[in-house]
Amino acid sequence: MTTLLEVKDLTKRFGGLTAVNHFSTHLVEGELCALIGPNGSGKTTIFNVITGIYEPTEGSIIFQGEDISGKRPDQITKRGIARTFQNIRLFKGLNVLENVIVGKHLRLASDPASAILHLPNYMKEESEMRRTGMTLLESLGLDRFAEDEPTSLPYGLQRKLEIARALATEPRLLLLDEPAAGMSPSDAEELMAFIQHILDSFDLTIFLIEHQMRVVMGICPRIIVIDHGEKIAEGNPEQIQNDDRVIEAYLGVVDHA
Amino acid sequence: MKLKRNTILTFIALLVIVVLLFFAEKSLNPYYRRILNLCAIYSIFSVTFNLIFGYTGQFSLGHAGFAAIGAYVAALLTLSPAQKAVNFFLKPIISPLANVELPFLLALIVGGLITAILSMLIAWPALRLHGDYLAIATLGFSEIIRSLMVNMQSLTNGALGLKGIPGYTNLFWSWGCLAVCVFIIKRLVDSSYGRAISAVRDDEVAAEALGVNLFKHKMMAFGVSSFFVGVAGGLMANLISTIDPKVFLFTLTYQIVGVTVMGGMGSLTGSVISASLYTIFLEALRPLESQFTIGSLTVPGIPGMRMVIFSVLLLLVILFSRKGLMGNNEFSWDGLFRLFNRLRSKKGDGSTGGDEA
Ligand SMILES: Nc1ncnc2c1ncn2[C@@H]1O[C@H](COP(=O)(O)OP(=O)(O)OP(=O)(O)O)[C@@H](O)[C@H]1O
Ligand SMILES: [Mg+2]
Chain A
1 MTTLLEVKDL
11 TKRFGGLTAV
21 NHFSTHLVEG
31 ELCALIGPNG
41 SGKTTIFNVI
51 TGIYEPTEGS
61 IIFQGEDISG
71 KRPDQITKRG
81 IARTFQNIRL
91 FKGLNVLENV
101 IVGKHLRLAS
111 DPASAILHLP
121 NYMKEESEMR
131 RTGMTLLESL
141 GLDRFAEDEP
151 TSLPYGLQRK
161 LEIARALATE
171 PRLLLLDEPA
181 AGMSPSDAEE
191 LMAFIQHILD
201 SFDLTIFLIE
211 HQMRVVMGIC
221 PRIIVIDHGE
231 KIAEGNPEQI
241 QNDDRVIEAY
251 LGVVDHA
Chain B
258 MKLKRNTILT
268 FIALLVIVVL
278 LFFAEKSLNP
288 YYRRILNLCA
298 IYSIFSVTFN
308 LIFGYTGQFS
318 LGHAGFAAIG
328 AYVAALLTLS
338 PAQKAVNFFL
348 KPIISPLANV
358 ELPFLLALIV
368 GGLITAILSM
378 LIAWPALRLH
388 GDYLAIATLG
398 FSEIIRSLMV
408 NMQSLTNGAL
418 GLKGIPGYTN
428 LFWSWGCLAV
438 CVFIIKRLVD
448 SSYGRAISAV
458 RDDEVAAEAL
468 GVNLFKHKMM
478 AFGVSSFFVG
488 VAGGLMANLI
498 STIDPKVFLF
508 TLTYQIVGVT
518 VMGGMGSLTG
528 SVISASLYTI
538 FLEALRPLES
548 QFTIGSLTVP
558 GIPGMRMVIF
568 SVLLLLVILF
578 SRKGLMGNNE
588 FSWDGLFRLF
598 NRLRSKKGDG
608 STGGDEA
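Just so you know, the protein sequences line up as chains A and B, in that order. Just so we're aligned, residue 1 is where the first sequence starts under our numbering, counting upward by one. Just so we're aligned, residue 258 is where the second sequence starts under our numbering, counting upward by one.
All clues stand as given, with none of them false.
When the alpha-carbon atoms are kept at most 20 angstroms apart in a straight line, the in silico SDA-like pairs for lysine to any residue are as follows:
(1) Lys92(A) to Asn585(B)
(2) Lys443(B) to Leu94(A)
(3) Lys443(B) to Met123(A)
(4) Lys124(A) to Arg444(B)
(5) Lys92(A) to Arg579(B)
(6) Lys443(B) to Ser110(A)
(7) Lys92(A) to Phe316(B)
(8) Lys92(A) to Asp459(B)
Among chain A residues calculated to face chain B with C-beta under 7 angstroms, some are:
(9) Gly103
(10) Pro112
(11) Thr169
Computed footprint of chain A on chain B, listed as stretches where at least three residues anywhere in the stretch have a Cβ under 8 angstroms from a Cβ of chain A:
(12) 441-447
(13) 457-468
What the hints contain is simulated information worked out from the structure, not anything from laboratory work. Glycine included, every Cβ here is placed at the ideal spot set by N, Cα and C.
Could you build all of it, start to finish, from the sequences and the hints given here?
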C-alpha cells in the first residue's frame, strides 16, 4: 500500500481564528476515506489547503512524494488532484459536455494559434477531447444531457456533473466536498452508490467530506472526525460510532439538514 | 447537405459584400464612405471589448488609451518625412522616427503589436490579483497615455496633434481588418481556449480548480483584444487624417462599453450590428447639436445632446433588455431560416412555429 497524500501537521489560521489545528493524516492509493465533523469544524478549509486555494499557515502537503504546499490550484490539479465544491460551481455559460471538457484543457498541447487556424494537431486534440468527454458522460449516465445547459439539470444531476467534470482532469485523488448536501436520504444513498461506482471503475483515491455521519457509515471503510479544526478520531465506522469524543462532539451540536 | 448549403450561402454573402464595398468605395460620396469606415472601426472596438469583458469577464476600461497608442504609432509610421517636418515645427521629432515611412499594413501591425505589449505590461500586475483591479489599472493607464501624448512634444507633437496623415484607410482596409478580427476572435472563443476563458468568466475558483491557469488565459484574451484595438486605432488615424489627444478621451471607452452591452455580451454579431447602428445614428442625429427650427420654433443647438440620448438608450436597454440586442446568440443561416419560417407561419395562421430565438 503506497501513500498517495500526506497532510503533515497542518495549521490554517484566518487572522485570530484557527480553522485547522495541527491536523495530520495520510491517504493510501485506492482507498475511500471520509472526513466528517460538525459545521464550521474546518473540513472545507482542509480541502482548500490541499488544492492550493489557501496556503498552509504551518505544516505541509505531500502528494506522490512532492511537497505541493503553496502551489497554485491549477498546478496542483495538473499533478493529479481534482475536487468538487460544497456549493455547486458549474459554468453556466457552457453546456454539459463543454463543462466536462474544460477539465481536459490542461492537457491540451496545441497553442492558441493552432486552435485559431484549425491546424490538424489542434483538430485532432479537439475531437479527442469531445470523444473522451462523451465517453465519460456515458459511463456516468449523463450523456443524454450533453447539449443541455447545466442549470437546467435537476439538482442531483448537477452534483454528478460536477464530479464528472473533476474526473475529466484524470485525477489520482478526488476530493468531494459534501456531495450529498441538500439531498433527501434516499438520493444521498444513491449518490453514495454512484461514488462507490466511480471508485470501482476509475483508478483513483477518494477523500470525501460529509457532515452527517450516517451517510458515510455504509461505504467508507475509514473515517476521520474533526472538531474545531482538530482531529478527534480516526478509524472504521464501528470505532467511530462508539468513540466518546465523537459522540460528545455530535451531541454537542444540533445536526441540521 | 445543410452544411453545404450554408457554405454556399456564406460564400455568396461574402461575394455580395465585397461587390457592395467595391461600389461603395467607387461611387459613394466621401461623407458616407467615412461613416461606413467608422462603422467597421467601431465594430472592431466593440468586438474586442466583448472578447475581454463578454467572454473573459475582465472589465477593462482602456480602449481609448489603447486606440490612441495604435493611432499614434500608425500615424508616425505612415507620415512622410516631409510631412513630419511640417508637423513638428515647435520641437523636432526624435531622430530615428524622422525618416521612417512604412507601408500601411506594416504600420497597422506594428501599431497593434506595440499596443498589445504596452497594455499587457499594464495588465500584468492587475491580472495577477483576484478582483476588479484591471478596470482601475486600465482606466489610469488610459489617462496617463493621454497626458503623455500632450507632454511628449518630440514624439507626439503634444496638444497640436498630427496632421496630414495619409488617408490610406478605405472600405477594404477597414472592413477587411474587421473580418480578420472577427474571424480570429470567433475561432478563439469557439476553441478549447475559448471554453477555458468562459469558465474563467463564469467561476474563477472552479476554473482554476479544473487546471485553467487564470493569469495566462486572461493575458492571452487581453493581448488579442488590445492588438486589434491598436489596429483599429491605426485605421482611424489614417481615416480622419488628423489626430490629437482629445480624440481619445474617456468618452470613447464609455461609448464602446455601452455599444457592446447594447449589442449583447457574448455576441460578436451583436457587437458589429450595435456598433454600426450607433455610428450611423450618431451621424444622423448630428443636426440636434446645431441650431434647428420646428415650425416657428427655433431650437438652439445643444452640444453633447447626442450623448444624452445615447445614455438614455443605454439605460433603457439595461433596464428592459439586459441581454442586449442579440444576447449571446450569433448570426447563423439556420437561425435566419428559422426566423423566416416563424414570421411566415405567424402571418399565415397566427400560430407560432420554431422554438428558438
Ligand atoms: N476565507 C476565510 N476567512 C475567514 N474565515 C474562514 C475562511 N474560510 C473558513 N473560515 C472559517 O473557518 C472555520 C472552518 O470553516 P470550514 O468552511 O472549513 O468549515 P466546514 O467544516 O467546512 O463547515 P461546513 O460543514 O459548514 O461546511 C469557520 O469558522 C469559518 O468561518
Ligand atoms: Mg464545508
